[in-house]
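Residues per chain, in single letters:
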Amino acid sequence: MSPVSRGFRHLRRASDEDADRVPPGQYVTDGFPVLSAGPTPHTPLGKWTFSITQAGQTRKSWTWQEFQALPAETITADIHCVTRWSKLGTQWRGVPVDTLLDQAEYDAPYVMAFCDGGYTTNLPIADVTGGQAWVAFGYDGGPLEAEHGGPARLLVPHLYFWKSAKWVRGLDLRGTDEPGFWERYGYHIYGDPWREQRYAGD
Amino acid sequence: MVTIELGPPHWAGHRAGQHLEVRLTAEDGYTAEREYSIASAPGEPVAITVERLDDGEVSPYLTRELRAGDELELRGPVGGYFVWEPGDGGPLMLLAGGSGIVPLRSILRHRLRTGSDVPTRLLYSSRSWQDVIYRDELGQHHDGVQVSYTLTRSQPAGWTDHTGRIDSALLAEVAWPAEANPLAYICGPTSFVETAAAALVGLGYPPERVRTERFGGTGGH
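Chains as they are written, first to last, in the numbering used here: chain A, 1 to 202; chain B, 203 to 423.
By construction, these hints were calculated from the structure, which means they are not laboratory data. Keep in mind the model is a prediction, meaning the values are calculated, not measured. Hints are all accurate, no fakes.
No more than 25 Å apart at the CA atoms, straight line, and that leaves these computed lysine to aspartate or glutamate pairs for DMTMM-like:
hint, chain 1, residue 1, chain 2, residue 2
1, A, K87, B, E237
2, A, K47, B, E396
3, A, K87, A, D127
4, A, K87, B, D257
5, A, K87, B, E396
6, A, K87, B, E235
7, A, K87, A, D202
8, A, K47, A, D102
9, A, K87, B, E223
10, A, K87, A, E147
11, A, K87, A, D30
12, A, K47, B, E410
13, A, K87, A, D20
14, A, K87, B, D256
15, A, K87, B, E259
16, A, K87, B, E253
17, A, K60, A, E178
18, A, K60, A, D127
Starting from the given sequences, assemble the full structure and let the hints guide the process.
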């Protein structure tokens, strides 16, 4: 049991109706903080593509126009950042990763998302399929801003938000679960907020 | 802003630029955790500098209630990306916005303690001269370190350094030119970091040589 901090009284907590939506160690914010490693990339839409790759080969690729023609969904999700803020009821618009993978004839247990600016993050295929993940290009009724990962980011709300890779450009199919950018800097390989898997060894 | 020196009995050491987590526990078991950049250099007693946010939950406790001898629960060090070691080289371009000076101060102290001669420039943006911290320390002249300030809201009489928020024009004047192949560390509020990072990239800095640490400003401190 943690030592009691002399004189510390808590000021606020999530309302009772929200409490079961907030994973342990998180607090709810109304803002939308920006945390990323490095400058915000800006890729012109004319040059943007999203690809499913494997062993150096492109299995399937979409231009922005082709991507916009895919069936998209509106998603409402609670999101949880490893730096402890949670934002409830965020609204997105995106293409399910299931839709993208179905067109690529995949057979691999893991993916590595790769992005403009060099960011990467690893995920099990089981966590980006079955209606759990999207490539999101819309936020809160408008186009996703560059600061928040636009033109498109991965959206995987059931894991800590560093797995929802900003400026995503594709998924590389992998046979093993190798650590991506933050995972190599000490963050957890999987990142389940409900088990507080923030750092390696949690 | 208050600098708090901590004496954790089992501290494994840290790298310049890293942060740590503080956890407070109330008597009813409620806990609040927050991250703070480590203000001290590797090898020095571990210290954090905390800015009191009026609507904060943890910072008012740390800056007003905490007394010498109190116990704090810590976790860390954390972070392997926004770190600098002398072997990383330079020239170093450090850009601090407000409390973003904290991890950069750790880097500067580490540079000094290791006897590194990496040429370094620090541009520190602050609202006013009263808001500038580590003033005396930064005012000491060390070989190879140039410190300049920009004050955004008010300036003391006779102020000769820069004024106004950071922008491309100011960085064109103050930053190492891209040809020097500098390594940049930018820390502060999101809007500061966004502007500064974009400006450096605009001046020709390769994005992978621009490291950023954005502070929350979520109202949850």
